Structures are given as C-alpha cells and as structure tokens.
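**Student:** Heads up: the protein sequence lines correspond to chains A and B, in order. Using the working numbering, read the first sequence as starting at 47 and increasing by one per residue. Using the working numbering, read the second sequence as starting at 28 and increasing by one per residue.
For the record, the hints were derived by calculation from the structure and aren't laboratory data. Do not take every clue at face value.
To be verified - Under the rule of at most 27 Å between Cα atoms (straight-line distance), these lysine-lysine pairs were calculated in the DSS-like manner:
(1) A:Lys152 with B:Lys111
(2) B:Lys407 with B:Lys451
(3) A:Lys171 with B:Lys161
As the structure is a prediction and not an experimental result, all values here were calculated from the model.
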Amino acid sequence: MQISKKVVVLGHFGVGKTSLIRRFVEDSFSDNYKVSIGVHITKKTIEFSIDESVTLILWDLEGTDDISQIRESYLLGSHGIIFVFDVSRPTTFQNLGKDLISLKEKTNEVPVKIVGNKSDLVDAKELDQVLSEKNISYDYITSAKTGHKVNHLFEELAKMLAINA
Amino acid sequence: MLKEFREYYKNNKFQFILTDLEGSVIDSDQNLFRTEKGTALGEIHPFFFSISDIMGPNREKTVFHCVQLGNSTEELTVDIEIIKQNGQFLIAIENLTEHYISYQSIAQARNESIIDSELILLKNHDLEERERFKNEFIQNFSHELRNPLTNIIALTNILQRSQLDEEQSNILTVLKDSTSNLKLMLEDILSLAMISKGKLALNPTVFNFKQLIEFLKLTYNTRAKERGLIFTITADESIPEYIEGDRLRLLQILTNLCDNAIKYTPNGKIILYAIQNQRRANKVNLRFGVKDTGIGIPEEKLETVLESFEQLGNTEGVGLGLSIVKGLLSLMDSRIQIESTSGKGSHFFFDVNLQFPLHDPNNETPDKKSKNEVVQKQKKYRVLLVEDNEGVQTSLLKTLIDAGDFFIDLVSDGALVMQEIVNKSYDIILMDVNLPNITGDQLAKVIRGFPFKNIKSIPIIGITANSYKAQIKAYKKAGMNVVLSKPFDDKELLSNIYKLLK
Chain A
47 MQISKKVVVL GHFGVGKTSL IRRFVEDSFS DNYKVSIGVH ITKKTIEFSI DESVTLILWD
107 LEGTDDISQI RESYLLGSHG IIFVFDVSRP TTFQNLGKDL ISLKEKTNEV PVKIVGNKSD
167 LVDAKELDQV LSEKNISYDY ITSAKTGHKV NHLFEELAKM LAINA
Chain B
28 MLKEFREYYK NNKFQFILTD LEGSVIDSDQ NLFRTEKGTA LGEIHPFFFS ISDIMGPNRE
88 KTVFHCVQLG NSTEELTVDI EIIKQNGQFL IAIENLTEHY ISYQSIAQAR NESIIDSELI
148 LLKNHDLEER ERFKNEFIQN FSHELRNPLT NIIALTNILQ RSQLDEEQSN ILTVLKDSTS
208 NLKLMLEDIL SLAMISKGKL ALNPTVFNFK QLIEFLKLTY NTRAKERGLI FTITADESIP
268 EYIEGDRLRL LQILTNLCDN AIKYTPNGKI ILYAIQNQRR ANKVNLRFGV KDTGIGIPEE
328 KLETVLESFE QLGNTEGVGL GLSIVKGLLS LMDSRIQIES TSGKGSHFFF DVNLQFPLHD
388 PNNETPDKKS KNEVVQKQKK YRVLLVEDNE GVQTSLLKTL IDAGDFFIDL VSDGALVMQE
448 IVNKSYDIIL MDVNLPNITG DQLAKVIRGF PFKNIKSIPI IGITANSYKA QIKAYKKAGM
508 NVVLSKPFDD KELLSNIYKL LK
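Could you put together the complete structure from these sequences and hints?
**Tutor:** Here it is as structure tokens:
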C-alpha cells in the first residue's frame, strides 16, 4: 500500500524547522540561517516494506511568534503536525500550552508531535530541569545539526499516520 | 499596444490549469510550468499532491499566499487560488517572486535582530545568575568564617595577657598579625559582596578631617619606613576641619589606595594628597590622590585593573582593593581615575562631593565625645551570656572574667532565657542572635514587651555573624541596644558593655 500524508511543520521563527526537514529529506545541514517565508513544500517517501510506503508531503511553514496568526489555508487537509521549539530559546516554548490550544482550534483532531530542536546547544540535564520547571511536555528532543532523533521523529510519525489511514 | 502589453504581462505572471477532482490535468497554459494533459499535477510539484484533501468535499474556493514552488535552479514564489466548479478544479497561479523576495529580506533582518536580542538577554541573565551565586557564596562563606575568627582573635588577646617567654611571645605576634590580615581580607570580601548586591549603604557622620589625615600619616609613615619608602601626605589648609561624609568608607578607599601603592612600589616615594576643588554653602568638592614611583600599570591592564581578583604579578593579597575602591566611589557618585606609566609609577585620584557643618561642632562631635568617654567602674555587674557555640562561649567568658567586673551566668538555649531573667536580676544581657529554639531578636522583642520595668529595660548586646546594615537595624528595632558583628575584639566588646552600664 502506498499512501501520501500531508504533515505541517510549524513553530516560532529560527527554531530550525527547515533544517529538520532538510536533514530528513537531504541528510544535510547548514549553519546559515535563512528565513522561510510563506510555505515551502517537499516530500519524502518512507518505505516500510516492498509494497508498503508512506510519502510525507512536508509543509514547512514560515515561523511566527504568534501561532494564532498562521494562515488557516496552510493547515487544510493536514494529517499530522510537528510543532518545533528551540530548546536554547525559552521564548519559543514558554507559551507552548497556549500555542497548542490555538492550534487545536484550527486543526481539530490532527495529531501533533512536539519537538524540541537544537539539543546540541544545551546540556541535557539542564534542559530536562528547565523543561520540567516550566512544565513542558514534548515528544522528541532533536538536533538537525547532528541528526539526533530526526529520522526517528519522521519515521514514527509516518508509521502512526499509516496505521491511522 | 495595450493589448500586447496585457498579453506580455499575463503570460509572464499567470498560469491557469484545469484538472479533474483527482488532480489530473485537463487543460493548462505553459507560462510558469510545463504541464502535459493527463499528467497528475502532484508530479509537477508536491504542493498539488494533497489538492483533493485540501479542498475536501465542501470547499469551493481556497487561496494560498506565498507558496514556494521553485526548484533547485529557479526560485518561484506564487499565490495560488483553487476553485472547484462543475466537477473540476480551476487553479490560478500568480507569480509574485519579486514581491516576496523583498518581504523575505525584511523578515530576515527582523528575525535575526529579535533572535540576537533574545540571546543577549539570555547571556546577561546567565551572567547575572553566576554573579548572584558568586556573591551569595562569598557572603555565606565569609559568615561561616566569622565564628572561628572571633574565637581566634579573642583567645589570642587573652593569651597575650598571660605569662609568656620570648619565643612564645614572638610566635603570638606572628599569630596576631596573621589574624589581623585574615580579618581585613574577610572584611574586604564581604564589602565587595555587599557592594555587588547593592546592600551597602553610606553612613554619613560629621568627623574631624584633620584627625583622619593624621591617622593616615601615622599609619603609612610607619609602614613605608618598614619597606624603605618615603611617604608624604599633604592636605589643603582650606579644607574644613569638620566634614560630613562616610568616614569609614572614605578611610577604606584611601587605605586601599595607599596599601596598593606600598605593595607595588619597591623603592621611591608615595604621596597622598587632598585638595579642595570647590566650596559653596555647606558643600565642598575634594580631590584625593595617591601617587607612587612604583612599577606602574601596563596599558593593556588599565581597563581590567579595577576588576575583582585582578593583580599585577605575584603579590600578596587577593586583588580586591581597587575593586572595592571602584564600588565605594560609585556609591559616592564618583569614580577612580588612573594615570600610569609602566615602570615609572601610578597616580590614582578621584573627586568627591562632601558636606561640612556651617557651625563649628566643637566639643559635640562624635570624635571628641568618644575621646572624653570615661568608663566608670563602681561595682561588679551581673551578666547573662546567651550563646550556644562552645568556642564563642569560651572566648567571651574568658574576656569577661579577665575584665574582673562581672558575675556571669551562661545559658546556651534561648528558651531558658526568660526563666533566668525572671528569677535573677541582671545588669546586662549578652546574646547571640542565632540561637536554637528562639532567635536572639525574637527574645529581645519578648523582653522589651515584659510588664516589669526592671526586666524590660535590661540592656541587650546582640552578637551576630551578619553584617548587613538592614539586618542589624532590624535587630536593634527588635530591642537590642547594640549589635556587634563578628569578628570583634575584646576591647570593642568591653567598651560597649561599659557604655551601656554607665
């Protein structure tokens, strides 16, 4: 069975959404920060077996510090959402609860994975402490720079979407 | 002409595509993309993959702004409008690449500037946290040192009064000097921590300026001679005899500058001077300076020499002197200025605004008053000593016993104090603030609230390792007459006891 699923990657600006996608799709990384505007769409097929694959259509949305301002048209027809924050910048996750509520209002039951990116910039123990102090729960801590947990994130999401299909 | 222009404009800007509901191309222009009839639109660009999901069963029209349809060779940023009509999708694509490129550069500058300022704030926050931790550590550590140091000072003084042979006496002199140095260093570290935390406040009083200069002359003449240096001190005759300012802190600044000059001058001379810059009404602006013929400061060190723990070469001390000077002068709205030539010497100076009394304070000044104080010893006094630390107990008991004027009762638990003062009659209470069960300041409050005058009016001397002015003020407010900060010496303790007993 071959299916395709639309996955929207969103979050504040500068958190590394484009880098995560680039690491997953092209297995490359650049330290140069280039702002994404609007939406950029790429795809990658994950093959689970000879006759079983999922093509992820990845919508890389322009970052914003106000999630409620995301254009609703970008979210139409999405099957999964990846919310990315930058573990080294508290402003990108301090309103996570509020951001998720506002996202839920726009997308209803679409599953959301919460990802803390740029783990290479912080100490793991300190990060755990900060996130637990701020009561932040997440699904993955990744590093687009080192590739830590990046494939894991997309592959698990793809599996989950395939099961839900 | 207009028709041609319209065609040219339309051809370069727009593409219209007609597909069935599965996204298979029925008809299309070829202005922006090459699209063959019958091909799946999703193969042209992944955006179109999910077109049927996007539109769903009920949606008739949707607009997408700023969609990047470019590939690795060409940037193409477009707005896309999709209309569902008669079982088909009409897709209108407008090329707005140039417009969005200018938006991109604005967003880039904006985002970079926000991220940079966030990172600076985080860095500052981190530095502040480290500084706070450092100051708290220094403060706590210094407080912990106060108890043993108080004991050492007291016991050294007691030992000095006993019968000693020459060798023991020499050893004791070294011990006493080392203790004094340790006490000074501890005070420096605490001063610095208090300045950094903004907890040090100036305490202006009227003092005799000439006496201050005489004191410095006496101290540094002797110290300079010991090192084979010449020390001279000059002060303008026009400077008022009595000045209002924080004498202790001014002295601390000048001694730090002089100590530094002595430390870094292997031979030659040191000059301390005071000049009157300006005088108006009861205000006077003075310049103080210390010049030396010492090793000087290399140019690259001039900026960092005022930082904590910064030293020139391997010298004694911990390198806090100039940092304290900088902090104290900042409290006085002044700043230290430095002129120095490596190998030739240094000149440290500052201007400071002070006041002076318009009427001669004469014999009422604190300096003269304290000089005239006469301790009246008429009888033996009954002292209640409340202290739980055995080391401090021993040294205080020894000091009081050696003075020969006191009967002493010792209590180590704050909860037993009331029982003692109700059953016995005391002339004075000497009490540690940090007691088990009930603190000294709480006890003072209870005593001052007692209904019997003979109990509520017993003088109380508090002893504390805390040197914060606000805290000491709070202890006094609770009812303590005098609060002594550790480490203190026996003279200071006895003089306060006699003063209260007068």
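**Student:** Please go over all the hints and tell whether each is borne out by the structure.
**Tutor:** Verification of the supplied hints:
1. Distance restraint check for Lys152 (chain A) and Lys111 (chain B): the Cα-Cα separation of roughly 22 Å lies within the 27 Å cut-off, and the hinted pair is therefore satisfied.
2. Restraint check for Lys407 (chain B) and Lys451 (chain B): satisfied, since their Cα atoms lie roughly 15 Å apart, inside the 27 Å limit.
3. Restraint check: the Cα-Cα separation between Lys171 (chain A) and Lys161 (chain B) comes to about 22 Å, which is no more than 27 Å; the hinted pair holds.
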